[in-house]
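Asker: Next come the chains, spelled out residue by residue.
Protein chains: 2
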Amino acid sequence: MEFQAILKKKQQIIDEALDRYLPKEKALQNKVFDAMRYSVFAGGKRLRPILMMAACEFVNEEEEKILPFACGIEMIHTYSLIHDDLPAMDNDDYRRGKLTNHKVYGEGMAVLAGDGLLNYAYELMMQSILDHPHQCRNATAAMYEIAKAAGVYGMIGGQVVDLNSENTQVDSDTLDFIHNCKTGALFIAAIRAGAIFSGADPETLKSLTSYAENIGLGFQITDDILDIIGDEKKLGKKVGSDQENQKATYPSIHGLDYSVERVNRLFQQGLAAIEHYGEKAQFFTDMAHYLVKREY
Amino acid sequence: MEFQAILKKKQQIIDEALDRYLPKEKALQNKVFDAMRYSVFAGGKRLRPILMMAACEFVNEEEEKILPFACGIEMIHTYSLIHDDLPAMDNDDYRRGKLTNHKVYGEGMAVLAGDGLLNYAYELMMQSILDHPHQCRNATAAMYEIAKAAGVYGMIGGQVVDLNSENTQVDSDTLDFIHNCKTGALFIAAIRAGAIFSGADPETLKSLTSYAENIGLGFQITDDILDIIGDEKKLGKKVGSDQENQKATYPSIHGLDYSVERVNRLFQQGLAAIEHYGEKAQFFTDMAHYLVKREY
Chain A
885 MEFQAILKKK
895 QQIIDEALDR
905 YLPKEKALQN
915 KVFDAMRYSV
925 FAGGKRLRPI
935 LMMAACEFVN
945 EEEEKILPFA
955 CGIEMIHTYS
965 LIHDDLPAMD
975 NDDYRRGKLT
985 NHKVYGEGMA
995 VLAGDGLLNY
1005 AYELMMQSIL
1015 DHPHQCRNAT
1025 AAMYEIAKAA
1035 GVYGMIGGQV
1045 VDLNSENTQV
1055 DSDTLDFIHN
1065 CKTGALFIAA
1075 IRAGAIFSGA
1085 DPETLKSLTS
1095 YAENIGLGFQ
1105 ITDDILDIIG
1115 DEKKLGKKVG
1125 SDQENQKATY
1135 PSIHGLDYSV
1145 ERVNRLFQQG
1155 LAAIEHYGEK
1165 AQFFTDMAHY
1175 LVKREY
Chain B
885 MEFQAILKKK
895 QQIIDEALDR
905 YLPKEKALQN
915 KVFDAMRYSV
925 FAGGKRLRPI
935 LMMAACEFVN
945 EEEEKILPFA
955 CGIEMIHTYS
965 LIHDDLPAMD
975 NDDYRRGKLT
985 NHKVYGEGMA
995 VLAGDGLLNY
1005 AYELMMQSIL
1015 DHPHQCRNAT
1025 AAMYEIAKAA
1035 GVYGMIGGQV
1045 VDLNSENTQV
1055 DSDTLDFIHN
1065 CKTGALFIAA
1075 IRAGAIFSGA
1085 DPETLKSLTS
1095 YAENIGLGFQ
1105 ITDDILDIIG
1115 DEKKLGKKVG
1125 SDQENQKATY
1135 PSIHGLDYSV
1145 ERVNRLFQQG
1155 LAAIEHYGEK
1165 AQFFTDMAHY
1175 LVKREY
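Chains A and B, in that order, are what the protein sequence lines are.
Going by this note's numbering, the first sequence wraps up at 1180, each residue one higher than the last.
Going by this note's numbering, the second sequence wraps up at 1180, each residue one higher than the last.
Warning: the hint list may mix true and false statements.
[Stated by the list, open to error] Using 25 Å as the maximum straight-line C-alpha spacing, the simulated DSS-like pairs for lysine-lysine come out as follows:
(1) A:1131 x B:915
(2) B:987 x A:987
(3) A:908 x A:982
(4) A:1131 x A:1117
(5) B:1131 x A:915
(6) B:949 x B:1090
(7) B:1117 x B:892
(8) B:949 x B:1164
(9) A:987 x A:910
Keep in mind the hints are simulated off the structure, nothing from the lab.
Could you build the full structure based on these sequences and the hints that come with them?
Answerer: What follows is the structure, encoded as structure tokens:
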């Protein structure tokens, strides 16, 4: 199957699973169910769950088994967007062309919808672990990988430093910290959790981790670059917003040429980490192109 | 040992463990570490962890082993207070005589400190499960009990309905829902998680659950009653605030006399659920008095 078709099929599997897992019954608290669903189904590309499932398949485990964890990481990603958009944080009215959660449901409900998604992600994973007790150790280790990456040493930590850096001159180390924690950690955890869940040997885990670190960072710097030289039509959003908001980015600190060079190096290093797997790693190779060599 | 002395000793064990577990190192994100610690050490009575440890001891498991779970439930309780106090929710400037988290650290940081505590609670429990793989099943079941009670079918669900009910006439069913979910669920989960973690047999779990349900609700209605007839000096806070805020309470819907009767009945039912254990249940009997037959 062609890469784009595989991607679409995986997205569909994840969307169906998310719809199945997320609460929707009539209940006194169903406003929070609506608010949770609104943001989960507001057009995400499902990158993290797709990467997790791919790592799971790579280690020869059936991808169906990891669906609660794949959906869990997507819920955690979504909660972080809801809380990031709040007036007390980035104060964004729109995301992917749609009104942000608090603009539709109000600030209080948006805080609770975020809390609800974070907590529900863990409920879902725990329930799956209890349903399959024989794989308790690997599944718990995978869940822990996700939790660490989502927490104060990962995504939340990155957001804290981002929030603290508003209206200040950010240095290179601080920008690296924000990049690595705020987005990188959960990206890497998606792939590692997929491999750990499936009982990958240390060598395989090391290769996939190296791939994830390089492509994850390359993906983020590409985002920053496209905000400068991207085509608004292809991107489907306005460019130049980082400069407008005086946001520190990789190009603003290191220059555009160096950033493009860096992305190319990261891309090559990411592919090098998995090339000895040959055809078996085809999906990850295609994914690297899709994430880094893009114009959108 | 006298009850008050036991209580104090357990509080001390928990406070020391919380201090040991919570991040405090110098790091770029240490402002969130400070904010998390500020609210955790703002004078909580540690009721939930104490009940969890007591249930653990009751089933003859060493209480030391459950400390990561006991501290986890206290972090979850604390995160819920931080988010409840936010301007978009209850908008409180003070809690237990101290400034609320967002008044000290700002709204954005308070959201993140809450997120951080919720996520860190699970990290802590998962790490403990991975360190003791032989008890993976019971420990995961205990963690799931806590997660369910904290989520959209428990605490968050209760807060959603509470938020939705602002400035509306709340009926008896809705008030019961708020009581049961917002406070009751985590109270009951504390005791059940302690018993499940320790491998309690179904009969013991049933008795302790019945105790928890009755005393948990009795504890909450007592809170509502004391806000009407309590002694400000003994309570250490102003009375009459529920009426002032036009907050629906058990007495405002069912009347004071009926509420006092109801508490007495719950108290008796709670004790009846554990009386066949005799002296072994002494701590829970004392705790019932402490929680329900109080003037503070």
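Asker: Confirm or reject each hint.
Answerer: Each hint tested on the structure:
1. For a cut-off of 25 Å, the pair hint linking residue 1131 (chain A) to residue 915 (chain B) stands: about 21 Å separates their Cα positions.
2. Between residue 987 (chain B) and residue 987 (chain A), the direct Cα distance comes to roughly 24 Å. Compliance with the 25 Å bound is thereby established for this hinted pair.
3. Simply put, residue 908 (chain A) and residue 982 (chain A) have alpha-carbon atoms about 21 Å apart, close enough for the 25 Å limit, and the pair holds.
4. Of the supplied pair hints, the one linking residue 1131 (chain A) and residue 1117 (chain A) holds, its CA atoms being roughly 22 Å apart against a limit of 25 Å.
5. The suggested pairing of residue 1131 (chain B) with residue 915 (chain A) holds, with an alpha-carbon distance near 21 Å, which does not exceed 25 Å.
6. A threshold of 25 Å between alpha carbons decides the hint, and for residue 949 (chain B) with residue 1090 (chain B) the separation of about 22 Å falls inside it, so the pair holds.
7. Proposed proximity of residue 1117 (chain B) and residue 892 (chain B) is supported: the alpha carbons are some 22 Å apart, at most 25 Å.
8. With a C-alpha separation of about 20 Å, the suggested pairing of residue 949 (chain B) with residue 1164 (chain B) holds against the 25 Å cut-off.
9. A distance of roughly 23 Å separates the Cα atoms of residue 987 (chain A) and residue 910 (chain A); the hinted pair therefore holds under the 25 Å criterion.
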